[in-house]
Amino acid sequence: QKEVEQNSGPLSVPEGAIASLNCTYSDRGSQSFFWYRQYSGKSPELIMFIYSNGDKEDGRFTAQLNKASQYVSLLIRDSQPSDSATYLCAVHTGGGNKLTFGTGTQLKVEL
Amino acid sequence: DVKVTQSSRYLVKRTGEKVFLECVQDMDHENMFWYRQDPGLGLRLIYFSYDVKMKEKGDIPEGYSVSREKKERFSLILESASTNQTSMYLCASSLRFVLAGGRGEQYFGPGTRLTVT
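Line order of the protein sequences matches chains W and H.
Counting from 1096, one number per residue, gives the positions in the first sequence under our numbering.
Counting from 16, one number per residue, gives the positions in the second sequence under our numbering.
Hints are computed from structural coordinates only; laboratory data are not their basis.
Model, not experiment: these values are computed from the prediction.
Ideal Cβ placement from N, Cα and C applies to all residues, glycine included.
Do not take every clue at face value.
[Claimed, not checked] Here's a subset of chain H near chain W, in silico, CB distances under 7 Å, partners left out:
#, residue
1, Tyr25
2, Pro54
3, Leu58
4, Tyr79
5, Thr98
6, Leu105
7, Pro125
8, Gly126
[To be verified] Below, a list of computed lysine-lysine pairs in the DSS-like style, where the Cα atoms sit at most 30 Å apart:
#, chain 1, residue 1, chain 2, residue 2
9, H, Lys72, H, Lys86
10, H, Lys70, W, Lys1137
11, H, Lys18, H, Lys85
12, H, Lys28, H, Lys72
13, H, Lys85, H, Lys28
14, W, Lys1203, W, Lys1151
15, H, Lys86, W, Lys1137
16, H, Lys28, H, Lys86
17, H, Lys72, W, Lys1137
18, W, Lys1151, H, Lys18
19, W, Lys1151, H, Lys68
20, H, Lys33, W, Lys1137
21, H, Lys18, W, Lys1137
22, H, Lys18, H, Lys28
23, H, Lys85, W, Lys1203
24, H, Lys70, H, Lys18
25, H, Lys86, H, Lys18
26, H, Lys86, W, Lys1151
27, W, Lys1151, W, Lys1162
28, H, Lys85, H, Lys70
29, H, Lys18, H, Lys68
With the hints as constraints, model all of the structure from the sequences given.
Structure representation (structure tokens):
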């Protein structure tokens, strides 16, 4: 069983719409949650992190965490073609120094 | 800003060659990581180091070794390159969790696309 699961997509949304990306994780002891954006041929770039239940907003991005249901999501408002990328969810499990990554969701924002 | 650099963006090597990939970070991070990324398989951890001269195997260490002689530098070595090691190699670094104020976030270098022919 995968420890961090994401729908691989592609998720297609029209320009200006809200894109919703979801991630579930299996380890209830997980403490920190991260979203990375990866453009084709490039390395992952950290865009959001969340540690507490609820919402965290940063510009057009909102991360949502529900530890009871073991999911974390990323909302992108007013989606732009430049948001087209693969989004990786990563989870830190307490006690260690490693992250467990999902395989990513490909987002396509269409004109 | 955290900066992680890798020695090459693109590398072409022949089967059986010894290959060195170098990674340098400038943020005094304790942890450094080597991943490979292949289509459909996501990021897979090869090795990680939590201190100078300390290393720990990741999920796919076979065919690889690492060296960390200085805090800022972490090298990945392919002892005898094979075609199945053709991949994108990514280095990352992070602060030690909680003890050094880190929450686990990792910062990645630009990657090295290695082709073994």
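30 Å Cα cutoff - pair lysine 1151 of chain W, lysine 68 of chain H: violated, 38 Å
Hinted pair lysine 86 of chain H and lysine 18 of chain H, Cα distance within 30 Å: Within the cut-off at roughly 14 Å; holds.
Hint validity - leucine 105 of chain H Cβ closer than 7 Å to any chain W Cβ: holds, 6 Å
Closest C-beta approach of tyrosine 25 of chain H to chain W relative to 7 Å, hint status: violated, 11 Å
Restraint check for lysine 1203 of chain W with lysine 1151 of chain W, where alpha carbons must lie at most 30 Å apart: holds, 23 Å
Agreement of lysine 70 of chain H and lysine 18 of chain H with the hint, judged by alpha carbon distance not exceeding 30 Å: With Cα atoms ~21 Å apart, lysine 70 of chain H and lysine 18 of chain H stay inside 30 Å; holds.
Restraint satisfaction for glycine 126 of chain H [CB to CB of chain W, less than 7 Å]: holds, 5 Å
30 Å limit on alpha-carbon distance, applied to hinted pair lysine 72 of chain H and lysine 1137 of chain W: Answer holds: lysine 72 of chain H to lysine 1137 of chain W is near 25 Å, not above 30 Å.
Distance restraint between lysine 85 of chain H and lysine 70 of chain H, which requires alpha-carbon spacing of 30 Å or less: Distance ~13 Å between lysine 85 of chain H and lysine 70 of chain H Cα, so the pair holds.
Hinted pair lysine 18 of chain H and lysine 28 of chain H, Cα distance within 30 Å: holds, 27 Å
Pair hint outcome, lysine 1151 of chain W versus lysine 1162 of chain W [Cα-Cα no greater than 30 Å]: Distance ~14 Å between lysine 1151 of chain W and lysine 1162 of chain W Cα, so the pair holds.
Chain W contact restraint on tyrosine 79 of chain H - CB to CB distance below 7 Å: Interface hint status for tyrosine 79 of chain H: violated (17 Å vs cutoff 7 Å).
Violated hints for the displayed structure, listed by number in ascending order: 1, 2, 4, 5, 19, 23, 26.
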